[in-house]
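As given, the protein sequences belong to chains A and B, one line each in that order.
Just so you know, my numbering puts 69 at position 68 of the first sequence, and the rest follows in order with no gaps.
Just so you know, my numbering puts 42 at position 41 of the second sequence, and the rest follows in order with no gaps.
One or more hints might be untrue.
Which copy is meant is left open, so a pair is good if it fits within one copy or across any two.
[To be verified] In the SDA-like style, the derived pairs of lysine to any residue whose C-alpha atoms are separated by at most 25 Å in a straight line are: (1) 77 to 123; (2) 186 to 306; (3) 77 to 182; (4) 136 to 188; (5) 302 to 120; (6) 77 to 126; (7) 136 to 281; (8) 219 to 66; (9) 304 to 15; (10) 219 to 203; (11) 139 to 58; (12) 304 to 123; (13) 304 to 279; (14) 219 to 200; (15) 304 to 6; (16) 139 to 28.
Note that these hints are calculated values from the structure, not bench results.
Protein chains: 2
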Amino acid sequence: MEISLERTAELLSNNSNIVITAHVHPDGDSLGSMLALDKCLSSMGKNVQLILDDAVPDMYDFLPGTCKIIKPNSQKIKADLLVVLDASDIERIGHVRAAVDAPVLNIDHHISNTKFADYLFLDSDAAATGEILFKLFKHMNTTIDPDIATSLYTAIATDCGFFRYANTSSNTMRYCAELIDFGAKPNLISEALEARPLAAITNLSKMLDTLELFFDGKVAAITVLPEMLTDNDNTEGVINYPRIIEGVEIAIMFKFVEDGICRISLRSARVDVSQLALSFGGGGHARAAGCTVSGTVAEVKEKVIGAVIEHLQADYYG
Amino acid sequence: MEISLERTAELLSNNSNIVITAHVHPDGDSLGSMLALDKCLSSMGKNVQLILDDAVPDMYDFLPGTCKIIKPNSQKIKADLLVVLDASDIERIGHVRAAVDAPVLNIDHHISNTKFADYLFLDSDAAATGEILFKLFKHMNTTIDPDIATSLYTAIATDCGFFRYANTSSNTMRYCAELIDFGAKPNLISEALEARPLAAITNLSKMLDTLELFFDGKVAAITVLPEMLTDNDNTEGVINYPRIIEGVEIAIMFKFVEDGICRISLRSARVDVSQLALSFGGGGHARAAGCTVSGTVAEVKEKVIGAVIEHLQADYYG
Chain A
2 MEISLERTAE LLSNNSNIVI TAHVHPDGDS LGSMLALDKC LSSMGKNVQL ILDDAVPDMY
62 DFLPGTCKII KPNSQKIKAD LLVVLDASDI ERIGHVRAAV DAPVLNIDHH ISNTKFADYL
122 FLDSDAAATG EILFKLFKHM NTTIDPDIAT SLYTAIATDC GFFRYANTSS NTMRYCAELI
182 DFGAKPNLIS EALEARPLAA ITNLSKMLDT LELFFDGKVA AITVLPEMLT DNDNTEGVIN
242 YPRIIEGVEI AIMFKFVEDG ICRISLRSAR VDVSQLALSF GGGGHARAAG CTVSGTVAEV
302 KEKVIGAVIE HLQADYYG
Chain B
2 MEISLERTAE LLSNNSNIVI TAHVHPDGDS LGSMLALDKC LSSMGKNVQL ILDDAVPDMY
62 DFLPGTCKII KPNSQKIKAD LLVVLDASDI ERIGHVRAAV DAPVLNIDHH ISNTKFADYL
122 FLDSDAAATG EILFKLFKHM NTTIDPDIAT SLYTAIATDC GFFRYANTSS NTMRYCAELI
182 DFGAKPNLIS EALEARPLAA ITNLSKMLDT LELFFDGKVA AITVLPEMLT DNDNTEGVIN
242 YPRIIEGVEI AIMFKFVEDG ICRISLRSAR VDVSQLALSF GGGGHARAAG CTVSGTVAEV
302 KEKVIGAVIE HLQADYYG
């Protein structure tokens with residue numbers, strides 16, 4: 002059932018034992034939103050648990066409160082409410098669904114949302130789930146301390162590519178201006194997010210060497226193999242290299258994480274790639290989507306590049 | 002003579018024949034500011050000329066009005082006012098000073114400003130000269146059309162690293178929110194600025210391979226040689242690769258543009274590098290500065306890296 006912002010605030014206010022989760026392969030928006038909502042609800046005296054079916058990448062350690070995030074275990078948790086943040090599909094929260102016995106409130110901004118939840122607050126105009134939470138907190142008269150400001154700023158800034166993507170609205174900027182006044186430090190946040198071990202720069206050079214173009218230069222792909230990654234390495238931003246090449250309409254990053262498993266990122270300058278990702282069991286936004294495909298390097302690449310070209314051909318030739 | 006914002010507005014309003022210039026090696030702030038001020042003054046019926054002692058890089062062609070920018074020639078121009086934007090030193094405008102006979106109004110945000118002008122409006126708290134102009138236009142009740150909004154947004158966004166540098170204030174964000182409402186499109190601006198020819202990605206890989214660390218990993222340098230550049234290639238952003246490495250305090254990019262001439266960019270996470278740049282005849286901000294040094298690759302690198310290490314040693318050991 003889709004509900005209003007007011008009803009969302011009521012649901013959170015009227016329940017005491019609340020579990021917060023978000024999608025696997027966590028990013029700035031999902032983690033920042035979890036931590037900000039925890040801080041908000043905890044300050045109201047509620048019993049809040051943060052459960053995520055994935056590890057928190059090291060780069061987010063600077064966010065205040067990440068140590069409170071734990072993985073689900075075999076013990077079933079009975080709660081009043083399971084808040085699912087930034088996930089458009091129940092599958093995206095992994096084992097948390099089975100581990101928690103509670104009605105589900107889903108707060109999300111993905112247009113591909115499958116409306117799986119008991120209660121859904123969906124705002125697909127919001128650049129980030131963090132943006133929705135900021136509106137919600139204002140409505141709830143939450144005191145925005147520097148920790149909440151840092152988490153929300155990180156959530157919003159990362160999901161709009163530091164104010165470079167089409168989802169960046171004047172409200173996105175205005176909310177972030179307020180968050181700076183509440184204590185968020187844009188330079189410290191971006192430095193923390195950007196910091197890379199030396200090996201990452203060397204690895205990047207190897208990744209760039211895999212660049213391939215297809216379909217008359219309209220499709221560009223980068224292939225990341227396990228040997229190009231060192232411990233805790235992340236590939237955030239690598240998709241931008243094929244994306245920014247003149248003439249490229251769809252950029253792909255193939256990231257082979259383990260034998261036979263490839264995580265795929267798609268970026269588009271114009272056409273909708275969310276349906277394409279959905280056809281491979283993934284999801285996302287019109288211009289930024291992703292999916293996971295199994296197979297050998299050759300199989301996965303052939304299958305996905307074929308589908309991407311077909312998608313563009315359909316767009317060009319109808 | 003330092004003047005107020007009000008007096009700056011008066012000077013512009015009370016003069017009819019105005020030449021606008023900015024520093025050589027133009028960037029988003031200098032060009033965006035020139036074009037926005039031209040549009041503002043032209044709409045007031047003034048005779049405005051845009052003169053710059055350098056070529057406009059192709060990447061800024063999307064800015065409305067760049068075709069109006071011409072180089073100085075041997076003919077002396079008599080004007081009522083020469084407006085020097087975003088330049089902290091008279092040397093930075095090249096031959097324009099000799100080519101124009103007019104009192105100088107300097108509008109700038111560089112803390113290293115040498116106060117060379119007849120009239121100076123300096124606001125070193127502003128993230129960009131574009132930010133000062135936006136305040137000025139509000140004061141002058143200028144109608145901000147989408148062209149002006151695009152130029153000012155580009156000016157501000159590029160000079161604060163798309164809202165990632167320490168100079169990003171809540172006002173920076175608020176002004177940009179307003180500029181979006183006035184018609185600036187953050188995604189189109191960033192796409193235009195980011196677009197790179199295919200060769201740039203291949204070249205980047207070669208540049209990354211030159212990465213060197215010094216002084217216990219606190220200094221990182223990248224060396225760009227002419228053969229790593231193709232026509233119209235730009236190296237904006239390349240300095241970020243050494244800058245983001247964990248533990249690096251000062252990042253250096255050596256860009257050897259022609260035989261014996263090296264343009265050097267310095268970035269710092271903490272210490273002031275503007276004095277360091279000044280000691281080599283350059284200038285800039287505390288955390289982002291630059292200079293030009295002559296010599297062989299080995300000579301230039303030895304001299305500059307030596308000075309950088311000395312600068313850091315003085316900071317560490319007093």
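Practice prompt. Give me the numbers of the hints this structure contradicts, sorted from smallest to largest.
Written response: 1, 2, 3, 5, 6, 7, 8, 9, 11, 12, 15
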